[in-house]
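One letter stands for each residue in the lines below.
Protein chains: 4
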Amino acid sequence: MSNSFGRCFRITSFGESHGRCVGVVVDGCPAGLKLSEKVIQRDLDRRRPAQSLITSSRDESDRVELLSGVFQGYTTGAPICMVVENVDIDSRPYEKLKSTPRPGHADYAAYIKYGGFADYRGGGRFSGRITAGFVMAGSVAKKLLKEVLQVEVLAHCCEIGGIKAKESTFEEIKMNVEENPVRCADLEAAEKMLQAVEEASKVGDSLGGTVECIVNPIPAGIGDPIFNTLEGDISKALFSIPAVKSVEFGAGNLFSRLRGSASNDAYVIKNGRVLTETNRAGGILGGISNGMPIICRATFKPTPSLGLPQRTVDLSSGEEAVIQVEGRHDPCIAPRAVPVVEAMVALVVADHAIASGFIPRVIRGRDNGV
Amino acid sequence: MSNSFGRCFRITSFGESHGRCVGVVVDGCPAGLKLSEKVIQRDLDRRRPAQSLITSSRDESDRVELLSGVFQGYTTGAPICMVVENVDIDSRPYEKLKSTPRPGHADYAAYIKYGGFADYRGGGRFSGRITAGFVMAGSVAKKLLKEVLQVEVLAHCCEIGGIKAKESTFEEIKMNVEENPVRCADLEAAEKMLQAVEEASKVGDSLGGTVECIVNPIPAGIGDPIFNTLEGDISKALFSIPAVKSVEFGAGNLFSRLRGSASNDAYVIKNGRVLTETNRAGGILGGISNGMPIICRATFKPTPSLGLPQRTVDLSSGEEAVIQVEGRHDPCIAPRAVPVVEAMVALVVADHAIASGFIPRVIRGRDNGV
Amino acid sequence: MSNSFGRCFRITSFGESHGRCVGVVVDGCPAGLKLSEKVIQRDLDRRRPAQSLITSSRDESDRVELLSGVFQGYTTGAPICMVVENVDIDSRPYEKLKSTPRPGHADYAAYIKYGGFADYRGGGRFSGRITAGFVMAGSVAKKLLKEVLQVEVLAHCCEIGGIKAKESTFEEIKMNVEENPVRCADLEAAEKMLQAVEEASKVGDSLGGTVECIVNPIPAGIGDPIFNTLEGDISKALFSIPAVKSVEFGAGNLFSRLRGSASNDAYVIKNGRVLTETNRAGGILGGISNGMPIICRATFKPTPSLGLPQRTVDLSSGEEAVIQVEGRHDPCIAPRAVPVVEAMVALVVADHAIASGFIPRVIRGRDNGV
Amino acid sequence: MSNSFGRCFRITSFGESHGRCVGVVVDGCPAGLKLSEKVIQRDLDRRRPAQSLITSSRDESDRVELLSGVFQGYTTGAPICMVVENVDIDSRPYEKLKSTPRPGHADYAAYIKYGGFADYRGGGRFSGRITAGFVMAGSVAKKLLKEVLQVEVLAHCCEIGGIKAKESTFEEIKMNVEENPVRCADLEAAEKMLQAVEEASKVGDSLGGTVECIVNPIPAGIGDPIFNTLEGDISKALFSIPAVKSVEFGAGNLFSRLRGSASNDAYVIKNGRVLTETNRAGGILGGISNGMPIICRATFKPTPSLGLPQRTVDLSSGEEAVIQVEGRHDPCIAPRAVPVVEAMVALVVADHAIASGFIPRVIRGRDNGV
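Protein chains in written order, with numbering that gives the first Met the number 0: chain A, 0 to 369; chain B, 0 to 369; chain C, 0 to 369; chain D, 0 to 369.
It cannot be assumed that every hint is accurate.
One copy or two, it doesn't matter: identical chains are merged, so the pair holds either way.
Below, a list of computed lysine-lysine pairs in the DSSO-like style, where the Cα atoms sit at most 30 Å apart [said to hold, decoys possible]: (1) K37 x K97; (2) K191 x K97; (3) K269 x K95; (4) K269 x K165; (5) K37 x K163; (6) K201 x K97; (7) K33 x K173; (8) K269 x K33; (9) K269 x K191.
If you are wondering where the hints come from, they were derived from the structure by calculation, not from laboratory data. Fair warning: this is a prediction, and the values are worked out from it, not measured in the lab.
The following block holds chain A by itself, in its conformation from the complex (with noise of 0.2 Å):
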């Protein structure tokens, strides 16, 4: 049982790979914001495969229906269910994986968990396929964000199979990242990001990457101590998207390497609001928002589905056995990925936004804009 996520803006997800929908129902949204199918399909556009040479091939149309939740162009305060069917399924290449667990897959230990009953179909409740209901949710976080704080988030690759992009600013990243296929902020890195991920793709072979993401601007306040912190809740909502192995806040792991004179982040005055000079931090403390931007980053694996024979156990057999998976993938699932990682970003900082008082129970202003 662990389907639902956040305190105050609250997820719910259902649905399979190979099922009929993926879905997923909001509960908390305040009433009053303005919302429609139209808004969400945005989003859910962009994390779509078939958008480029480089992702699957699989058609995913994905039409978002708004179920409930939405009266007269308005939300309710009642909970939001949105569904995406499930079209252009092929789940002939699943039958000769079900007792061959895959690699790098959830498959064996659903098979484990769930006594041989999990869907195994594309992988079933295990497949990158479940964000699509994380990506209709974050969209209703993101408008949001956007309509009652001005809060943006947003998110790119800065690094795919060892390609570093350069460190950007919040404004290159919004004119950048959709402005190349594997949605990197620095263009000259995402060319030679490209040129990787192509090479790798050739071979049967797939690569690893890195999304960051911010969260700009942002009041100082929100968020708890302890163990409701924002980094918490942030890593919790990342590690919820498959494949992802690392999470980091400022300036991550690199601590590791600095001196306390070097890593502190020295507080000034700028046009009267407190702020820091450099944000190290991420712009967290505490387990809370101290005014500057959220910075952190995520690591995805690279796709273990590969065309390269790999070692593997047949469950039925009990012997060892080699497979070769079939099926559509992307070689490098980061760039797909970015729209999900604002998506968990953004219900994060949405629900912590509620809980700490930033945002009403009820939006007035019927005006507010799509």
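Once you have looked at the hints, place chains B, C and D on chain A.
Just chains B, C and D, lined up with the frame of chain A:
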């Protein structure tokens, strides 16, 4: 409201650095576990400062008091409350810091969030001292895992100030971790780390570091997919330790540089059991344990309290200021955090082991040992 | 944010009376339970209106659609989403009620809480129609309890409009409840109740009633003390059914008139089992089942929608007003609420049975029947 | 695991009747509330036994100790831990009860659930003594409601042993409740109740009773629909008090005998405010406050510990047995439960008032009085 953590094995933390005590309530521990203050004290002693020259000189004698939940030497199923009193407190240095937030500390964020009502003495609720409660609770979790499932949770410092330990086996960690003041399993690296800490300390500076934690052996099938993944819950738990800014599993952020063919762990059969040849996944796939040891790492930023002058602002006057932090502080917090990391990981694994049905509600056989 | 319920077997409700659909997500159902739309439809049909002259004439054909969580006829451990579409909707009568809250309904409270954004058509989110989702979820819970623990949950109307049924055995309820339109196990009382409802209905009035629910047989040891007591969770579940204003267990509010010597249930041994001679405690002591059948009762207030004129206020003008409610309404909601009460009680008992370790995470033996 | 309660204002209970202490942690109290042990002690004193001839003679001096969460006289936003030590304990009478469960008590259910590990002395965790923790937490909630919203929570005994008090106004309750040992607002009824309790007590018997609680004044819009209704949460809270077997709101189970035309509360306008003419709904519609006082009642069964011989079983021999309970017990628990009922209702209302945005995270204006 964020002082409780866990679903089935749930802890609630309370207390402040310079208040009367620090404590914890453990709710959900099965009945029938042999438990005494002696067991808990052992872990608590490992967290104590003043164990060597490189740790803070505050004398935290820290005697655990078991206030509830244990009867005739066994847990009863009722909540277990444990406290340690605060002694040897010197709050004077903090009076001057009242309106000048220390860079890198939670002071400013706390000031904004709690409107000036927060207890600022010694960092109050944001102090590392709070982790004494985590360690007491973690001690119960470790005992539970050991008695019922033979699972051990062990941590050590794998990097300090850029000095990395070589990879160590579980047995090497067990043997070496308490043999050197930096708690590193690689004794050669340990010496260099110690030297680095001492050098930083001499000039009033501090160092960051990374703690690695291994859970071994662990059965496959513990954990949940989607939101309550093992990774998500472990990371959330680790980010609740002050100063943690990065959490990774297995190959972690290195995945960003790897190809799939080099990062998937091939399944093999050893002695009739399904295992993986390598363990780059860190024992977790799809949020669920796969039968290999769980491996995670948390990076701690350098202690922000420095003897060096630092730029800050005076919140009462609204002007920039300079502070120099007095008081007693560890020049590198990572070694002391080793038992805290173990505690947090143990809490999550115990919680999930109960949720996944691996630990019963009553532990029969009244002879489970100390 | 209050549309989820349960700890281990958790439901999330969504949908409105006159929106696109009403639905529910069940999270935490063990894998391996045989489940089909047919099983759920059977319970849903019992909730349907227009089953007799004394129920509302809205034709809710209510075909369940199982959207997720079931694969090859068995639950997979993934969340189960079920919806029924809304058809035969006539929203016109509600337009005039928009600013004149109906006495006894939630209209005014909803208006204040959601700032006028709530969907007012047919009561929107506050409509009894929402309970179609409860019934679908309860159907899964009842099947789970029956298959794994042989536990049955059965309800009937024990009082309507002051007419009380005589005490009935579990077997009598089973035999008689569906044999009369008021769903009362005492067939003589049932006739009088029916007559009373018809009389009230004729003059545009309505009647209150009480539904009794029995869980039988139930093993001792299910439940928790202090806050998550069986009584606490069952009552919370029952108060989520619109119109419930009283919940009692065993002798209930009669205890206020009894002496201890007449109210304690003496322990006896029957066929080697510890039982109580009487069952005034309603099968629960200290929040935990004691091995005797659980007995609880929920009182429903009379349907507030009346054909008679009622005094209210016009929120747009701020003046007093008179309304006469059109639309289709049950003159007594209690008979239709019988399967809803069963559903809510079954949900709580299933939840606690899992939490207390009585139901495993995977139901082995793939032949558990329909 | 069921020792925490509440969403935004959350309490965690710990301690046993004959252990070292009874305590509570309050998490989520806003910063800036003036709070001292004196305030809490006042409520605690009202719960104390030995206040008159008709209460148990155990001397529970019950001095509250405030261990955390308050600094310089104000709450800090950190968790507030409060304990009372257990003194004047005599555990001897319980040794013989160890294997013979007392009828009407939780002994047998606890024995089954905790496999014989539960602390049986004085009822252990199931004792009414646990409610000392509820009262301390409730005291904080009551102060918060009073200071911020001018909301008062007041209870009295409205029925004992079949003797009903006449309906009393809020002011009559306030004036009379502490003026007589049965805490009944109707002084005539109070005398008869007292006599009835004394008569039952003389023969070793006990009486049940009903406590009514009123929350007044209360703004409209507090609460939530569906699962976290005010009724659901208040009832869950009240069923956590040992011996409660029935909870009702407004006309409660009387609704079963009413027609809609006699039970709906007509809306009227008084001094420009929307009110209802009557208050049969008990101030709650759709789970949300409607602006009228909240009225609820909890029925307590007669104290199960009797001086009379009772039939039970000997769990060690498996044979039937007879016990006569020694020790000190209230012949009617309802009068002492009055402050406990107030506490539980106050906790829920405070929790919902925060969740609904009626109480801010920081209470500005440092002069909120004692």
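Results of checking the hints against the structure:
When the C-alpha separation of K37 and K97 is checked against a cutoff of 30 Å, the pair qualifies only between copies, where the shortest distance is 28 Å, while the shortest distance within a copy is 38 Å. For the homomeric pair K191 and K97, neither the shortest alpha-carbon distance inside one copy (37 Å) nor that between copies (51 Å) is at most 30 Å. Taking the shortest Cα distances, K269 and K95 sit within 30 Å of each other only across copies (24 Å), while inside one copy they are farther apart (63 Å). Taking CA atoms no more than 30 Å apart as the test, K269 paired with K165 passes inside one copy only; the shortest distance there is 26 Å, against 45 Å between copies.
Proximity of K37 to K163 under the C-alpha cut-off of 30 Å is found in neither arrangement, the shortest distances being 34 Å within a copy and 51 Å between copies. For the identical chains of this complex, K201 and K97 are intra-copy neighbours only, at 27 Å inside a copy versus 61 Å across copies, given an alpha-carbon limit of 30 Å. Proximity of K33 and K173 under a CA criterion of 30 Å is satisfied intra-copy only: 23 Å inside one chain copy versus 47 Å between copies. Proximity of K269 and K33 under a CA criterion of 30 Å is satisfied in neither setting, with 35 Å inside one chain copy and 35 Å between copies.
In this assembly of identical chains, the alpha carbons of K269 and K191 never lie at most 30 Å apart, being 38 Å within a copy and 41 Å across copies at closest.
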